[in-house]
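Trainee: Those protein sequence lines, which keep their order, are chains L and S. Under this note's numbering, the first residue of the first sequence is numbered 98, with each subsequent residue one higher. Under this note's numbering, the first residue of the second sequence is numbered 174, with each subsequent residue one higher.
Treat the hints with care, since some could be wrong.
Lysine-lysine pairs mimicking BS3-like chemistry, simulated, CA-CA at most 27 Å apart [claimed, not checked]:
| id | chain 1 | residue 1 | chain 2 | residue 2 |
| --- | --- | --- | --- | --- |
| 1 | S | LYS397 | L | LYS282 |
| 2 | S | LYS302 | S | LYS239 |
| 3 | S | LYS370 | L | LYS162 |
| 4 | L | LYS282 | S | LYS619 |
| 5 | L | LYS160 | L | LYS225 |
| 6 | L | LYS160 | S | LYS567 |
| 7 | L | LYS179 | S | LYS358 |
| 8 | S | LYS370 | L | LYS282 |
| 9 | L | LYS162 | S | LYS576 |
| 10 | S | LYS629 | L | LYS282 |
| 11 | S | LYS576 | L | LYS282 |
| 12 | S | LYS625 | L | LYS232 |
| 13 | S | LYS408 | L | LYS282 |
| 14 | L | LYS232 | S | LYS629 |
| 15 | S | LYS408 | S | LYS567 |
| 16 | L | LYS160 | S | LYS478 |
These are computed hints drawn from the structure, not numbers from a lab.
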Amino acid sequence: MAKRFHYAFAAIFAATVAGSGVALADSSDEGLRVFKAANCVGCHKWTGAGGGGYGGAAANLRKTKLTLEQIELTIRCGRISKGMPHFDADAYTDGRCYGMKAAQLGPGQIPPEADHPLRPADIDAVAKYVVANIKGQGEATLDQCHSFFGAGSRVCDMYAKRDEGGVQHADAEQQEPAEAHQHMKVDAATDSNAPHQDAEK
Amino acid sequence: MSKSTCVAAVVALILGSQPTVFAAEGVTAEQLLNADSDPGNWLTHHKDYSAQRFSPLNQINKDNVKNLHVAWTLQLGGIEGGGIWTHGGLEGTPIVENGMMFVTDGWGSVYKIDTRGGQAKVLWRMDPKTDHDWAGAVACCGVDNRGVALSGNLVLSHTLDGRLIATNKDTGQIAWQRQVADPDKSEVITGAPLVVKNMVITGVAGAEYGIRGWIAATDLTSQKEVWRTYTIPAKGEPGSETWKDSNNAAATGGGSTWVTGSYDPRTNTLFWGVGNPGPDWDSEYRPGDNLYTDSTLALDVDSGKIKWHFQHTPNDAFDYDSVAENVLADAPVHGQPRHLDLEADRNGFAYALDRDNGQFVWGLPFVKKVTWTKGLDPETGKPVEYDPKTPVQKYNASVTPSKENPVTMICPGNMGGKNWPPTAYNPVLKEWYIPVIESCNRITVKPETPGKPVGKREFFTGGGPDQPVRITGSVTAIDVTTGKEVGKHETPFPMLGGLLTTPDLVFYGQPDGKIAALDAKTLQELWSFNTGGGVNAPPMTFTSDGKQYVAILVGQGGAWDKWFIESTPELKGMPPGSSLYVFSLN
């Protein structure tokens, strides 16, 4: 069942990329695919910055001090007593993770099971992706946003405004084939409860 | 009532044979005003403007409901993920007009389905091409869309990425659209639109990300916004004095409006619920009562001006939204005829107000366990510990999340009580049914830093919940003439889908896939069926070719499986889905 999900998500992702018409070229392609498909984004966000919120804080991977090996271990095994899931489906069957088996761990200790367990090659790829594209990066940039999402989404607009002082946005307006609705702006009425509204009318 | 019902039936018959004539007419303002006496149709989100979700249809009744079975099902789309979400879900109420059904999926596609002849035929699908990444990253609680509204020849719908879309009912082509909410400010839309007169009304979500909430009305002819009422008053407006800090906490004060409201034509008043203040669990960040968060608002529908408000949880530290629907019911209370506004709050209390002036009539806990307060003041309806002179309310201080008490169990838990899933009111029995989440959960406070700029498109919650204990549910019945609980039907899972009542039945769905009918008087279960998919949407009923059907969308979405699943371990791994179930007798 879990495997089926994995393929389903990979298929959705493939469709998204194909639709956006962006060719992803660098060697992190596979890692990026896994980062999306395994829903690391769901907790760590696309930037890896994680952050507080509803479900408790996921670590900021941009500021992680961990080595590639430690990152890979964390992804395979999750974190004992923390919200980081284990992506190796058999992590706690034979002591391969921290020398522990499920029976030795209490209910609050055993890391959550990942929704989408990963194959060793996927874990390897996503760990490398974290080291190459996230670890040690400062604030997220427009370029990083574009290489994550491709074109076609307004998700990067906020970085455009910040990085380019609006210049980038003007360019974006000329880019085709963006859908017409992608440039719509809110044209709000004035505040109905403003004290002098009647006088203004 | 019976007369206009008869007229409607005749009109429906005539029009049914001449669909082109009908298409030109479409749904009129008059029809929407009289939706309560149009039993075969379900023309607006809560069935009619009173939000009672009562249908007088009684072909399916307590004597024969045991024979209810699947008439047909339909697979829908919108199951894909986006942003922080792995999948979409279904929370919508189907709308039916003369045998034509309109439903939405989580990403806002609208489907027109011909239900005539006892089978389903999809006539068109309007895919709004919602920007998944833009919107899904700032949707606190799932990829959801609660349905459409009808006006004239238009089908009105919202998208998670903040648009209001008008679709031609015959062709499925977009006639026009406008951006109403701005996901760049973490504003998204999940609620169904409400058409009143020549306006369509929109509410917004985003109080977990530091929005300043609003309700907005768009003119259907000019397609321009005619009014926007902010739920957090600007400096100088009445209510702004309830934000007492010096860091402009009001600017990010929350107050979402993501559940469709109700309307009383008698007084030209729109009733709308307002959500929690932000940051959710750091009440010290925003000393004061924080109007109009956690309030019921009564608005002049033409101008959006606030007529009165009633705040349920001043200076909320629990995430106890009052975003729920306000049910308008006329009934005697202790022998006195009253125009009531009924609201079942996230904070675990059910309230009846006089809807003409906002005065408290009665209130009672509808959950089994309330720990945050000892109860409501019988005069004012405020929690008894509430002290208007205290800027940061402590309520039951040993329970209330605060810097001194940063890890605390609260009952009800932060989902409620009762969340968005709608209640149903039976005007025959004068009983009001509440879909209850019987819950406690644990809050950990992580104070926000006053004066520090709030992260753009970042959670701004001042902490978060986790789920150390099991959460269950119930259908709880209240006699509105006395304000007393008269029944509780307990369920193994929380109520995440809402209710429908007919003269002698109550219908509900559960997140394990079960759909059931209860005897409206005794709350005894009379029928059930398992759809095999999580039910996260309210049941509705309609007639097609004169025959009664019950319809419900099936497909778990929402916040539950991401943030609350630990409290319902059996639901772990429940696969997402997206389908429509329709039931009938024989």
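Trainee: Give a verdict on every hint.
Mentor: Quick rundown of the hints versus the structure:
Between the alpha carbons of LYS397(S) and LYS282(L) the distance comes to roughly 12 Å, so the proposed pair stays at or under 27 Å and holds. Distance restraint check for LYS302(S) and LYS239(S): the Cα-Cα separation of roughly 42 Å exceeds the 27 Å cut-off, and the hinted pair is therefore not satisfied. For the hint linking LYS370(S) to LYS162(L), the alpha-carbon distance of about 60 Å lies beyond 27 Å, and the restraint is violated. The straight-line distance between the Cα atoms of LYS282(L) and LYS619(S) is roughly 34 Å, outside the 27 Å bound, and the hint therefore fails.
Restraint check for LYS160(L) and LYS225(L): the C-alpha separation of about 15 Å stays at or below 27 Å, so the hint holds. At roughly 37 Å between alpha-carbon atoms, LYS160(L) and LYS567(S) are farther apart than 27 Å, so this suggested pair is violated. About 31 Å separates the Cα atoms of LYS179(L) and LYS358(S), which puts this hinted pair outside 27 Å; it is violated. A distance of roughly 25 Å separates the Cα atoms of LYS370(S) and LYS282(L); the hinted pair therefore holds under the 27 Å criterion.
Only pairs whose Cα atoms come within 27 Å are accepted, and LYS162(L) paired with LYS576(S) is rejected, the gap being roughly 30 Å. With a CA separation close to 18 Å, the supplied pair LYS629(S) and LYS282(L) stays within the 27 Å bound. A threshold of 27 Å between alpha carbons decides the hint, and for LYS576(S) with LYS282(L) the separation of about 40 Å lies outside it, so the pair is violated. Distance restraint check for LYS625(S) and LYS232(L): the Cα-Cα separation of roughly 25 Å lies within the 27 Å cut-off, and the hinted pair is therefore satisfied.
Taking the CA atoms of LYS408(S) and LYS282(L), the gap is near 25 Å; set against the 27 Å cutoff, the hint holds. The hinted pair formed by LYS232(L) and LYS629(S) meets the criterion: a straight-line CA distance of about 21 Å does not exceed 27 Å. Distance check on the hinted pair: LYS408(S) and LYS567(S) sit about 26 Å apart at the alpha-carbon level, within 27 Å; holds. For the proposed pair LYS160(L) and LYS478(S), the alpha carbon gap of about 48 Å is over 27 Å, so the pair is violated.
In terms of the numbered hints stated before, the structure departs from hints 2, 3, 4, 6, 7, 9, 11 and 16, listed from lowest to highest.
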